[in-house]
Amino acid sequence: MKLLNILMHGNQLKRTARTGWAQRGIPHAENVAAHSYGVIFAALILAQEIEAELDMSRLLAMAALHDLPEGLTTDIPTPAWRYLPSGIKTEVEREAMQEILGEATFAPQLLVLWEELHEAETTESRLVHDADKLDLHIQAFVYEEQFGNRQLAEFWTVPHKFYFPEAQEIYDELHRRRGIRSNRAKNRGETKSARGLTGQTAVKSSQQTKQKEAKAHRKQGWQR
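Take 106 as the starting number for the sequence shown in this note's numbering and just add one per residue.
Check before you lean on any hint, since a few could be wrong.
[Said to hold, decoys possible] Derived Cβ-Cβ restraints for the label pairs, each shown as a range:
hint, residue 1, residue 2, range
1, Leu109, Gln256, 37 to 43 Å
2, Met161, Glu204, 24 to 30 Å
3, Glu196, Ala290, 39 to 45 Å
Keep in mind that the hints were calculated from the coordinates and are not lab data. None of these values were measured; they are calculated from a predicted model. For glycine and all other residues, C-beta sits at the position ideal for the given N, C-alpha and C.
Kindly generate the complete structure, drawing on both the sequences and the hints.
Structure representation (structure tokens):
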């Protein structure tokens with residue numbers, strides 16, 4: 106049954122790991138389906154704020170479809186694509202989409218939406234791209250808080266530009282909160298280090314006092 110086959114491909118995303126997190130040492134990282142939900146939700150919330158007329162059906166459909174090819178291709182790490190010919194990623198994912206949708210009567214409409222997303226010329230497609238980046242950075246923020254993983258710092262070192270100022274504001278606020286958290290962690294570390302040094306000094310002082318007392322005691326014994 107065509108519909109069941111398509112749904113099974115969608116279900117595969119629940120078992121398809123987001124490899125970028127695993128490469129950076131994140132245990133039990135999210136799967137592609139979890140990320141897809143994050144993108145759909147972020148797109149929905151952003152749509153309530155931007156001052157533009159939107160086709161919500163197209164917006165949410167593109168958000169739901171954006172990583173569907175990974176049910177076949179898996180989540181190939183970004184660095185790997187850099188060693189392949191330009192444009193090959195889109196070509197491979199297009200073929201995967203065509204295979205997943207098969208001969209379903211609605212396949213042409215969904216393929217058109219997928220192409221629209223990749224061209225990133227419409228308001229809806231650009232909003233999905235912003236939602237995609239926001240969900241990525243929100244997840245990186247959460248993983249840093251959970252695991253203190255410093256291998257995620259690269260996500261914040263390169264300035265990120267968004268199509269919509271509302272998305273940019275959310276990212277900037279996330280970046281600000283990360284800075285506050287980092288400063289607090291640094292201060293706690295310095296305080297702990299200072300306490301450790303104080304304790305070491307006290308122990309050393311106590312040892313020196315005991316050594317002096319023992320030396321004085323031995324001296325008294327010699328004088329007797």
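Tested hints:
no. : hint                        : verdict
1   : Leu109 / Gln256: 37 to 43 Å : holds, 40 Å
2   : Met161 / Glu204: 24 to 30 Å : holds, 28 Å
3   : Glu196 / Ala290: 39 to 45 Å : holds, 44 Å
Every hint from the earlier list agrees with this structure, and none is contradicted.
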